[in-house]
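Asker: Listed below are the residues making up each chain.
Protein chains: 2
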Amino acid sequence: MKLPSLPSWLTHYQRQWLSGDLTAGLIVTVMLIPQSLAYAMLAGMPPEVGLYASVLPLVAYALFGTSMTLAVGPVAVASLMTATALAPIAATGSAEYVALGVLMALMSGLMLFAAGLLRLGFLAYFLSHPVISGFISGSAVLITIGQLKSLLGVPLPSGSALETLLALARSIDKINPVTATIGITSLVFLLFARKQLAPLLKRIGVPAKAADLLTRLAPMAAVIVATAYVTVSGVDRSAGVSIVGAVPAGLPTLTLPALSWQQLDSLWLPALLISLVGFVESVSVAQSLALKRGQRIQPDRELLGIGAANIASALSGGYPVTGGFARSVVNFSAGAHTPAAGIISAILMAMVIAGMTGWFHYLPHTVLAATIIVAVTALIDVDTLKEAWHYDKADATSLLLTFGGVLLLGVEEGIVLGVVLSLAVLVWRSSHPHMAVVGRVPGTEHFRNIDRHRVDTLPGLIALRVDESLYFANAQLLEDKIEGLLQNEAGTRCILLILSAVNQLDTTALGTLTELEKSLASRGIALQFSEVKGPILDRLRSTPLGQRMKDRIFLSTHQAFLGFTDRPSFYTDPPREA
Amino acid sequence: MKLPSLPSWLTHYQRQWLSGDLTAGLIVTVMLIPQSLAYAMLAGMPPEVGLYASVLPLVAYALFGTSMTLAVGPVAVASLMTATALAPIAATGSAEYVALGVLMALMSGLMLFAAGLLRLGFLAYFLSHPVISGFISGSAVLITIGQLKSLLGVPLPSGSALETLLALARSIDKINPVTATIGITSLVFLLFARKQLAPLLKRIGVPAKAADLLTRLAPMAAVIVATAYVTVSGVDRSAGVSIVGAVPAGLPTLTLPALSWQQLDSLWLPALLISLVGFVESVSVAQSLALKRGQRIQPDRELLGIGAANIASALSGGYPVTGGFARSVVNFSAGAHTPAAGIISAILMAMVIAGMTGWFHYLPHTVLAATIIVAVTALIDVDTLKEAWHYDKADATSLLLTFGGVLLLGVEEGIVLGVVLSLAVLVWRSSHPHMAVVGRVPGTEHFRNIDRHRVDTLPGLIALRVDESLYFANAQLLEDKIEGLLQNEAGTRCILLILSAVNQLDTTALGTLTELEKSLASRGIALQFSEVKGPILDRLRSTPLGQRMKDRIFLSTHQAFLGFTDRPSFYTDPPREA
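Chains as they are written, first to last, in this note's numbering: chain A, 1 to 578; chain B, 1 to 578.
Calculated from the structure, these hints are not laboratory results. Glycine included, each C-beta is placed from N, C-alpha and C at the ideal position. Some hints here could point you the wrong way.
As the list claims (entries may be wrong) - Now the in silico label distances, taken between C-beta atoms and shown as ranges:
hint : chain 1 : residue 1 : chain 2 : residue 2 : range
1    : A       : Q295      : B       : L537      : 32 to 42 Å
2    : B       : R119      : A       : Q295      : 42 to 52 Å
3    : B       : K386      : A       : H558      : 35 to 45 Å
4    : B       : K550      : A       : D538      : 38 to 48 Å
5    : A       : Q196      : B       : E413      : 52 to 62 Å
6    : A       : H453      : B       : L562      : 19 to 29 Å
7    : A       : A249      : B       : D265      : 46 to 56 Å
8    : B       : L555      : A       : S266      : 51 to 61 Å
9    : B       : L562      : A       : Q196      : 48 to 58 Å
10   : A       : T444      : B       : N488      : 28 to 38 Å
11   : A       : A490      : B       : H558      : 32 to 42 Å
12   : A       : F192      : B       : H558      : 55 to 65 Å
13   : A       : S266      : B       : M356      : 46 to 56 Å
Chain A on its own, in the form it takes in the complex:
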């Protein structure tokens, strides 16, 4: 793959795009400041690490990605996955923990970039939509439960979602009332802002689009008000409200962590899973936004974009990033035309890191927890469950199992379960193929199911249509079906397989058909094929089975019927059945 020197949106940048890009860049930055601090907390990182992950990654994505409106940076699910991977191997928030987070971003970035060079973008579609939905919803519930301790200021041991809830029930008397009051007030305000503020603003005459964007600034407002309150009241000392504390200014000096094989060995799987999830999430957000403007994104190039963003994050002391849903939607609605909006956000975030980190000193953790909870509850998706339940119970079941897997087993186990379920449902479906014995609709060349239509059949001939590709998981069932049919039809001299819906035929199925043909021949029954698809016929011809059957493969079922009428048996002196 040739890497373009500069993206075309940059070389052909038009002046009239600038105002949209500037507005969007500014609004996204105002969202990004509280979110980057909050998601760093969720990832178990010091707050500045969230800021570091919000500068260079945006520039890297702008240069390598293909979406015009995707907003990359710290996101909820990747932060949760980072914390899950690092918690067992380093003390949360320690220098080693941060270094391992940087290492994870680097590994994930290199994996994604390499996958992009190998053109593995199609992997974005290896998770079914219901499984992604169940995974995101489960992660959202898990994150919400995990944030209760910061929201209420109560110390809880780390553990599964259920353990956390039980521990909370036992520690209800240890809740810090001031922390809980600030947190729950913020939560109620943010929920109100999301549901009620926009309609209210519209009613008092604010234009619809401006009203929608204003509601997106609510988290920043909550942060400002709460920080001001804590600064003035001093509840951090008087009532023990947990605050962010000193945040160093400037980017860190770049020091690649000293790597050990053991660390690489324990991080490669989490890095792979974070890459997969982050990539799938990014592509689905980018795609749905691109579709609204009739644009296209290229998954192979997206791998390069998200990969470059993660490498950039690691080089500037950040942790794994990806394209986030909420900020991308705001970026889109605020009128971003090109990734220049992301570069503007990056410049603004760099200014924040250079000179404004002191402002976050008195920011209480509980407000960040409220921000996280409101952000992730918006990700809980019941509609897809309803649709899937209505349309396809197997898909709905895998959604629910993935959701339950994330909650009960954990987020990594949940995504692995999701991949396995996506594939298992696929195999399950095709391993029980629909097969129909057909006959000729009188006076036509059409053949239909004998159970559903009035059709003519020829005595001694069974014509079986297989409505699925033949491969390892279902080839045996075809054989079982044929043996079952033969037991009911004693005088059968010919089995005609109609392969019009067989798009693939793998080595295992070829072996089964080869054995079947021999076994039938030994009982004086001829196996015939009709309507074999071109690509399959090409490969079949050179096999022993194809050689042996070359006079028994018919273009159409009609021709096979005519042939049988002329010559009802291929075996003039059939051996008796054993």
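Guided by the hints, dock chain B onto chain A, whose structure is given.
Answerer: Positioned in the frame of chain A, the structure of chain B alone reads:
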């Protein structure tokens, strides 16, 4: 599932079957004695554990299984997997090691039995034939390399196959010359017996069948001669030849091991993998033998049979068992008619355990190693690789990757890799569907690929045939294909999707089609379907997409073409493209 009280072969046993069953039972026993001792050694178990696994499991399978000729008991691959699972958690051969082996047999048996009650027999077909072939061949090479230390009497550290070979190269001077001489002599004799003895016997007038069976007794002959030699010469003391030593007589008193959660946690995955591999192996052996006599086996009942055999093995102090290839073939050829042959073997083995274990005292380990090596090298399968390479490179590649995975990563990792490869090849194939733009063959109602045939098309209509089920891994490619076509055909007013080869349509694909229909409609382009299969149409009708498209779904492509001629646009005043 109703469990039958007694199998029909038993309630309807016919006297003329007895001589075949007796002969087969006797010959299988003579094979089973050295094999059960050898495979116990391979599993890291004391020799008597192999004997224990060769009595009750045979009876249990006879009562629950459906194959007339499958010979269950200790087998090479399951023994290797047992050793791999137990080596990291207990000292090889210790009481705890044996107890954990018994626990694994119990867990595996309960899993298989439960799977049988849940009718999960179709799982037998979730591994493609090339992957099974690669796995078995890889295991055979791994076993052979692992047996070199016993064969040559050289101490080697346990490790990967490559490490073992390197360690052997460095320890070549530490080979025990007497052990190596006995071992290599046995190996040469057994190889000669397998390749040359039967032709030789036939040439001197022995009937073909008898000659084949006599060669199967070679391992027993080697055991007898070598034991006699060691007993007389005393090389176990004078030259340090490793011998089996005291083997206790009688079955052990049944003591279920004290279980800890930690043990269950470290054993459930190995037990699951051993169950899967054992079941797949059993079913494929049982099926190929049943086919030769026109009999059928029922995979759901086989799960009960192999499950019961493992539970029986655990209850009598044995380790995981399954149906073995070599002994089943001998059982079949020796004329076994019913599982009574297995019960006769079990009775004979019980007699050996009761009174003849003293005979094995001076049996040298090197002869057992030679027996194992000769047995497993017969499992190395190059033919399947050749066939797959010729017919389908993707299948050949997954065979080679599984083979390499077993050798380089280990036997458990190898089988997991195999399952993943089986599924990945499946998804890979169907994620790149063949799609063809078609037109009408002049003067007919047939539609063919416009690139291959001279056909008529209608300006403004693109008719696209999709040759694959639509689901999460390929739905997006369909959308990409259509957008690509639209860019080349500016005046398109209608996209007709011909779904004759679409056997499934999952929730993800439904979502993609729903979005596509909306996106096309916004550009004044109508989406139409033709030749939708009945089951898909039934489900589609109740969805929002089906509702919206109900006037645009045609039974045949011909009707869709006629309809387009009558009314070339569904959108009388199409909005302009954005």
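Asker: Take the hints in turn and mark each one as holding or not.
Answerer: We went through each hint and held it up to the structure:
In this structure the hint that Q295(A) and L537(B) lie 32 to 42 Å apart at CB holds, the actual value being about 33 Å. Distance hint check for R119(B) and Q295(A): the Cβ-Cβ separation is about 49 Å, which falls inside the suggested range of 42 to 52 Å. The hint said 35 to 45 Å for the Cβ distance between K386(B) and H558(A), and at roughly 38 Å that hint holds. Range check, K550(B) to D538(A): about 39 Å between beta-carbon atoms, so the 38 to 48 Å window is met.
Between Q196(A) and E413(B) the C-beta distance comes to about 55 Å, which sits within the given range of 52 to 62 Å. A C-beta distance of roughly 23 Å is found between H453(A) and L562(B), which places it inside the suggested range of 19 to 29 Å. For the hinted restraint 46 to 56 Å between A249(A) and D265(B), the CB-CB distance of approximately 48 Å keeps it satisfied. For L555(B) and S266(A), the Cβ-Cβ distance of about 58 Å falls inside the hinted range of 51 to 61 Å, so the restraint holds.
At roughly 54 Å, the beta carbons of L562(B) and Q196(A) sit within the given window of 48 to 58 Å. Under the hint 28 to 38 Å, the C-beta atoms of T444(A) and N488(B), about 37 Å apart, fit the expected range. Distance hint check for A490(A) and H558(B): the Cβ-Cβ separation is about 40 Å, which falls inside the suggested range of 32 to 42 Å. In this structure, F192(A) and H558(B) meet the distance hint of 55 to 65 Å, their C-beta atoms being roughly 59 Å apart.
Range check, S266(A) to M356(B): about 52 Å between beta-carbon atoms, so the 46 to 56 Å window is met.
The structure meets every hint from the earlier list without exception.
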